[in-house]
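These protein sequences, in sequence, are chains D and F. Heads up: the first sequence begins at 779 in my numbering, then just goes up one per residue. Heads up: the second sequence begins at 779 in my numbering, then just goes up one per residue.
The set of hints was computed from the structure by calculation and includes no laboratory data. Possibly wrong hints are sitting among the right ones.
Copies of the same chain look alike in the list, so a pair counts if it works inside one copy or between any two.
Claimed, not checked - List of simulated lysine-lysine pairs, DSBU-like, C-alpha gap at most 30 angstroms:
id	residue 1	residue 2
1	Lys954	Lys816
2	Lys954	Lys815
3	Lys803	Lys815
4	Lys803	Lys954
5	Lys816	Lys803
6	Lys906	Lys1057
7	Lys982	Lys906
There are 2 protein chains.
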Amino acid sequence: MSGGKNPSLASPSSVGYFLDMPLTKNQIRDLRALSQKKFRDDSDLFLVEGSRLLREAVGSTFEIAEVYHTAAFGATAEGAKLLETLRRRASLREVTERELGSFSDTVNAQGIAAVLAQRHDSPSAMVKPGDGASSLVAVDALSDPGNLGSIIRTCDWFGMDGLLIGQNSVDLYNPKVVRSTMGGLFHLPVVQGVDLPVACTHAKELGYTIYATDPEGSAHFDRIPYASKSIIVFGNEAWGISDAVRASADTRVSIRRYGSAESLNVGVACGIVLSATRKLKE
Amino acid sequence: MSGGKNPSLASPSSVGYFLDMPLTKNQIRDLRALSQKKFRDDSDLFLVEGSRLLREAVGSTFEIAEVYHTAAFGATAEGAKLLETLRRRASLREVTERELGSFSDTVNAQGIAAVLAQRHDSPSAMVKPGDGASSLVAVDALSDPGNLGSIIRTCDWFGMDGLLIGQNSVDLYNPKVVRSTMGGLFHLPVVQGVDLPVACTHAKELGYTIYATDPEGSAHFDRIPYASKSIIVFGNEAWGISDAVRASADTRVSIRRYGSAESLNVGVACGIVLSATRKLKE
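Construct the entire structure; sequences and hints are all you get.
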């Protein structure tokens, strides 16, 4: 916790069970505020809901500050097991269904939610010198949370080495992004707020090839020998890739259209291109 | 209009401008009710919002019953042009921003919305005898509106010949489905409420090969020579393809995992597999 503006949230260093009193209005207000970017930025925290995501979180290096769960959740075998694991890492607090629902982002709170510390890695931890293979993906001003979540999930499926999120993209810690990664957030190295033109120029100096996906691209996605050090860039849902990023690309990649749709969903396009990079490496 | 329970909505046969009086409470109630499946089923109508989708609708064979637009929308060059085209096909009605917002499903109503008649084609119009190529997609109990919309958009991009929507799937005319097809609904032949085991059995008799996508499938998606008459089936987000449909499949197709995600989004999986069917036909 960065000495932030959510004073009523417990410090992540206080591990164990904290006092089982009803949540105060201020605590509920602060937890609910985590659905807004401004408050996530101020507190450097974010909310993770549901046992599925929390099982992934507990296996990651993310710092778990506080866990809120219902008595019913702890009474299931699966729930008890997860809480046992979480207890070693975080403060646990039993709350009522109603309390959990009051700050949950989902329609049906799933009996458990946790506050985690955001991570702020640097692009240089991902864009590496040397000859080792490094398959990265970048998104340029992506705006839809479901699309970002889906891209993280897809990168995780295809075993990409990391994702660079450009400036002016939707926040990685948006609850809908976190949910739709289906746990990929806790497996895949992700850096956000990246100045993509600068990062791409730097990556090229380190031997990376930059592929910009672009409806006007002359290279068909399944006819390219993707380099072992590569960054594949996907653009904004409406405007595609910015001029500055396009200018830094070595190759402009497209997916041929056979029907009459104006465009493909960017998450779908990402899956199609990544599947081709993996096919050629077999 | 099927003599239905939305008596305050105008008949689609009354083409031209109808009376420019404020919408009555009952009219607004009936328009708003189109966001619910029960009322769409009762009236056999659905709502389409925004100029982009309506440009696609006007080029289709869908029957357009009524168009509601603001004065500001008609005052733009693009808006005036669209209204001119729509006037030949439907009743136009000018409404206030506030009236439009009162029944719009989107956060920001885009100045125009229309009520269209649903279509109820039969699977036999799509599953054809003879030797002609026919590339169909089917979805089995798909539950997420965004996924169905994305699959329709992807089928439209890859020029599929049609989509069969199995029983227990999300309604095709759900506003979020309609929106996320990005117009694909107006290009692609789609039939919903299909008994998939029956349709697949019938299709096989007519020479189709059935491909069921399945994480356990032994055939890798990009190693298969897809038949010229084919149905590729995608399953429910959580449970995959039902046993009855799987039993009717000739081939079980999978996408190899290289990383640690538990699964791919079904819309992304659809894009990956369809891109491979097209690649091999070049």
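Against the structure, the hints:
no. : hint                : in the structure
1   : Lys954 with Lys816  : both (16 angstroms within a copy, 28 angstroms between copies)
2   : Lys954 with Lys815  : both (12 angstroms within a copy, 25 angstroms between copies)
3   : Lys803 with Lys815  : within (20 angstroms within a copy, 38 angstroms between copies)
4   : Lys803 with Lys954  : within (24 angstroms within a copy, 35 angstroms between copies)
5   : Lys816 with Lys803  : within (20 angstroms within a copy, 39 angstroms between copies)
6   : Lys906 with Lys1057 : within (24 angstroms within a copy, 33 angstroms between copies)
7   : Lys982 with Lys906  : within (10 angstroms within a copy, 52 angstroms between copies)
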